[in-house]
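Visitor: Listed in order, the protein sequences are those of chains U and X.
Counting from 1, one number per residue, gives the positions in the first sequence under our numbering.
Counting from 1001, one number per residue, gives the positions in the second sequence under our numbering.
None of these hints come from the bench; they were simulated from the model.
One should not assume that every hint holds.
Said to hold, decoys possible - In silico SDA-like pairs for lysine to any residue, Cα to Cα no more than 25 Å straight-line: (1) U/K102 with U/D122; (2) U/K62 with U/R103; (3) X/K1120 with U/V89; (4) X/K1101 with U/M138; (5) X/K1101 with X/G1123; (6) X/K1120 with U/K62; (7) X/K1062 with U/M17; (8) U/K150 with X/K1062.
Protein chains: 2
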Amino acid sequence: MELTPAIGKFVLHWGEMGTRWGINRTVAQIHALLHIAPAPLHAEEIADTLGVARSNVSNSLKELQGWGIVKIVHVMGDRRDHFESIHDVWALFQIIMDERKKREIDPTVAVLRECVATAKADGEELAQRRLGELAEFMESMSGWYMQVRKLPPSGWRQLAKMGNAIGKLIGR
Amino acid sequence: MELTPAIGKFVLHWGEMGTRWGINRTVAQIHALLHIAPAPLHAEEIADTLGVARSNVSNSLKELQGWGIVKIVHVMGDRRDHFESIHDVWALFQIIMDERKKREIDPTVAVLRECVATAKADGEELAQRRLGELAEFMESMSGWYMQVRKLPPSGWRQLAKMGNAIGKLIGR
DNA sequence: ATGTTATTTCTGTAATTACTGAAATCGGAG
DNA sequence: CTCCGATTTCAGTAATTACAGAAATAACAT
């Protein structure tokens, strides 16, 4: 797998973006590489292409598999594992959203609810209100996302184009 | 400003969440503290409450002001700057989204477009297609967000409740 | 079984990022 | 201008995170 100028630039940028969103740089780079790869790659190929240690690739791939955006595939006559990422960007986005919701949003809402309960018990009215509002907001966003996520990609696309119409529908 | 159990728990959790989304822990903690504070706080009060250095607070507050979610306010008869955060969660969310779009999404789309152009010039058809799809997806999401962001908070809330209706409207 | 290659785990190190405390700067008040 | 409190800057240090390379394990072929 050779790094052409276009691909190299993309991989580097994607890596940087990763760091800004709490994703390890190498993990993001590998994801980028697999995303544009014409065929599944094996670990050593990735290590060579990106110039990182084999072990680093191994761990990063585990991470990506944990997120569910990279799968192992096998190639006839080759004992090595090959890796492939989801190429459908809408599906990719959905998986990442689902995962972040599960790992971060849901637990946060749970903690907020606990805090609200404690605040109530301790008679801290203001804290109770503020934290309650925050919890409600997050649940509201979550709930909305859970609705839209069921739509097929085409539905999402339509939704994206409907911004104006929705504004009118609601009657701002 | 004393840290009650409820508030302490919230501040700690918010700090952790920050790290997962690429926000410095202290920055996130200060934001959390200001979010539930009954009145604007001055820097030293924040430093004492969270047990971090005064300079750390100063820099973190600059960061939060850069994001536009914390403002300086002045208190009669007090020379010190006091800090207040936006308490409306919907407004807060919108500001953060706007900022991340400006700082990360838009530049990424720009880079993707450049990569597509390069890929095209170099005759890399697959890369061109994949990167093009990614760029289009991100622009599509951006555009959609730009539409909805104009709605008043009440509109957002309605939108959140409309998930089902929208599904039917689109006719999945 | 033994050898061979692929993969993972683990430990030490490197790099990065966050933080502190001191020093410098700022900005009014007298 | 000089003083004094508030704030910021900066340089050194601490803590965290990412990484490489070695060692261990696994998976298969012979």
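Visitor: Decide, hint by hint, whether the structure agrees.
Guide: Hints, one by one, checked against the model:
At most 25 Å may separate the alpha-carbon atoms for a hinted pair to count; U/K102 and U/D122 exceed this at roughly 30 Å. The suggested pairing of U/K62 with U/R103 holds, with an alpha-carbon distance near 17 Å, which does not exceed 25 Å. With a C-alpha separation of about 20 Å, the suggested pairing of X/K1120 with U/V89 holds against the 25 Å cut-off. With a C-alpha separation of about 20 Å, the suggested pair X/K1101 and U/M138 falls inside the 25 Å cut-off, and the hint holds.
A distance of roughly 31 Å separates the Cα atoms of X/K1101 and X/G1123; the hinted pair therefore is violated under the 25 Å criterion. Pair hint X/K1120 plus U/K62 does not hold up; C-alpha atoms about 33 Å apart against a cutoff of 25 Å. Simply put, X/K1062 and U/M17 have alpha-carbon atoms about 22 Å apart, close enough for the 25 Å limit, and the pair holds. Distance check on the hinted pair: U/K150 and X/K1062 sit about 41 Å apart at the alpha-carbon level, beyond 25 Å; violated.
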